[in-house]
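*Asks:* This is what each chain is made of:
Protein chains: 2
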Amino acid sequence: MKLELQIKMNPSLYLRDPEQSELGKNIIKHSIQLIHDNGFEAFTFKKLAESIGTTEAGVYRYFENKHKLLIYIISWYWGWIQFQLNYQTNNIKDPFIKLKRVIKLLSTNVEDDITTGHVDEAQLHQILISEGSKAYLTNHVEEDNKQQLFKPYKDLCNAVGEIILECNPKYKYPHSLASTIIEMAHLQNFFMNHLPSLTDFSKSKNENDIIKYLEDLVFNTIRI
Amino acid sequence: MKLELQIKMNPSLYLRDPEQSELGKNIIKHSIQLIHDNGFEAFTFKKLAESIGTTEAGVYRYFENKHKLLIYIISWYWGWIQFQLNYQTNNIKDPFIKLKRVIKLLSTNVEDDITTGHVDEAQLHQILISEGSKAYLTNHVEEDNKQQLFKPYKDLCNAVGEIILECNPKYKYPHSLASTIIEMAHLQNFFMNHLPSLTDFSKSKNENDIIKYLEDLVFNTIRI
DNA sequence: TTTCAAATAATAGTATTACTATCATAAATA
DNA sequence: TATTTATGATAGTAATACTATTATTTGAAA
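Chains as they are written, first to last, in this note's numbering: chain A, 260 to 483; chain B, 260 to 483.
I should point out that these hints are in silico values taken from the structure, not numbers from a laboratory. A couple of the hints might just be wrong.
If several chains are the same, the list does not tell them apart, and a pair holds so long as it fits within one copy or across any two.
Unchecked claim - Calculated lysine-lysine pairs in the DSS-like style (CA-CA distance at most 25 Å, straight line): (1) K410 - K431; (2) K405 - K325; (3) K413 - K462; (4) K410 - K288; (5) K471 - K429; (6) K431 - K462; (7) K429 - K464; (8) K306 - K325; (9) K410 - K325; (10) K464 - K410; (11) K464 - K413; (12) K393 - K325; (13) K462 - K410; (14) K462 - K429; (15) K306 - K288; (16) K462 - K405; (17) K327 - K284; (18) K305 - K325; (19) K431 - K464; (20) K413 - K363.
Please construct the entire structure, taking both the sequences and the accompanying hints into account.
*Replies:* Set out below in structure tokens:
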């Protein structure tokens, strides 16, 4: 029996569920490829349609606009990370070890997960690093938020916050520290590769150094 | 005698120096206003020209495109912050107090500085919060970086890194911690106001809580 | 005071983007 | 077999991100 991981998405993100058709899956697959290769600004529905072999109108039947599609794939990524987090920290009792796992999970460039046919997680991780914050840095954040479009991100942040509180129940800023870990795991990676003098990893360019930095930051902060 | 603060800008950012003419100053002034009010995505040279009372072509004589203009005003902001930093930490010997000043300076919504006629620093601070990272989150970061367009940001990061090292000469990640402070001072503010459940300041919505969070984070991390 | 260069204004035009609309056809389903 | 449903093909629009041209104004040097 073949196991397939399905991540439930907020229907407000799409007009027609892309998981339910070949065309839909192709839209997701090629979007990830194109955004990864050329960045979100250069990404258009016309180029996407050409790359799939369909028409612009065909894509518009699935997604209202490219911003919704971006939030879709980003939400998918956070849902997948949440699943990995639950899976990897299952049966671990020590919250400090759990938190280490979280930091590693967020900082490591994952390999493509074969249980998710049309999604390349490695490319998605790169997209999150370069484009992730563009999902919410808009002047319509609040409306998007009201429609719960950022729920997977907030759920993850809450879950990480819970682990932080397990480490130190008296720590006063679990959510802020969680969002700091999540954002910095990505941003320090971006800086390391593109603006290295903003980091201390310019020589190694090694993810493990980011992990060490974040562990040092987090565990010194929450130690009792 | 009237003192006017002039910040020297990288000439690669503009085609004609906006400081040298009334039209140029108006371009800066109205850009800040418009980007502040409607966000960078909605900002166009046509709207800008209309708001000034000139033509689109007039704006294009000063700036190659709106992205360069964004980097211009952001660089201006970092230059101004650097000046404030030097000014405010001048004569302070204790590096811990210096670092506190830095955190406060970065986290506080400044008031308009009257020594800079056509620039509204309060609006600029808001722009940095919502649009700051869009300056470098592009697929042409590296070319932009080669042209030194991010120098003011990197200089500031270095200066903060120096203060961190004064506090603890053995701390291993001064640049990464500096960029974390700078970015988080802005991002936690954005989250606090737009996605509050990602922070622990949703009730107060008070900048001072961000300052406390960052101080706690930083001083626990660098203490010997 | 004239003259000459530089800055600006006015206008037009192009390719691309971000959509919306319509109609025909193919595939799935009742 | 009839009929819904998804897709394909094509067209069209308003806005964006520019470039180009020419005329007019301004201000500084000769």
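*Asks:* From the Cα coordinates, with 25 Å as the cut-off, is the pair K305 and K325 best called within, between, both, or neither?
*Replies:* The answer is both: 11 Å in one copy and 23 Å across copies each meet 25 Å.
*Asks:* My question is about K464 and K410: at a cut-off of 25 Å on alpha-carbon distance, are they close within one copy, between copies, both, or neither?
*Replies:* between (32 Å within a copy, 21 Å between copies)
*Asks:* Within a copy, between copies, both or neither: where do K410 and K325 come within 25 Å Cα-Cα?
*Replies:* Within one copy only: 19 Å inside, 32 Å across.
*Asks:* For K462 vs K429, is the C-alpha pair at or below 25 Å within one copy, between two copies, both, or neither?
*Replies:* For K462 and K429, only the inter-copy Cα distance (18 Å) is at most 25 Å; the intra-copy one is 38 Å.
*Asks:* Under a CA distance limit of 25 Å, which applies to K405 and K325: within one copy, between copies, both, or neither?
*Replies:* This pair counts as within: shortest intra-copy Cα distance 19 Å, inter-copy 30 Å.
*Asks:* Check K393 against K325 for me: Cα-Cα at most 25 Å, and say if that holds within a copy, between copies, both or neither.
*Replies:* both (12 Å within a copy, 17 Å between copies)
*Asks:* With identical chains treated as interchangeable, where does the CA-CA distance between K429 and K464 reach 25 Å or less: within a copy, between copies, both, or neither?
*Replies:* The answer is between: 21 Å across copies meets 25 Å, while 35 Å in one copy does not.
*Asks:* For K327 vs K284, is the C-alpha pair at or below 25 Å within one copy, between two copies, both, or neither?
*Replies:* Cα proximity of K327 and K284: one copy only (16 Å, versus 37 Å across).
*Asks:* From the Cα coordinates, with 25 Å as the cut-off, is the pair K464 and K413 best called within, between, both, or neither?
*Replies:* Between copies only: 18 Å across chains, 29 Å inside a chain, cut-off 25 Å.
*Asks:* Tell me, please, which holds for K410 and K288 at an alpha-carbon limit of 25 Å: within, between, both or neither?
*Replies:* The answer is within: 22 Å in one copy meets 25 Å, while 37 Å across copies does not.
*Asks:* Within a copy, between copies, both or neither: which one fits K462 and K410 at a CA-CA cutoff of 25 Å?
*Replies:* between (37 Å within a copy, 20 Å between copies)
*Asks:* Up to 25 Å between alpha-carbons, please classify K471 paired with K429: within, between, both or neither.
*Replies:* both (24 Å within a copy, 15 Å between copies)
Of the numbered hints listed earlier, not one is contradicted by the structure.
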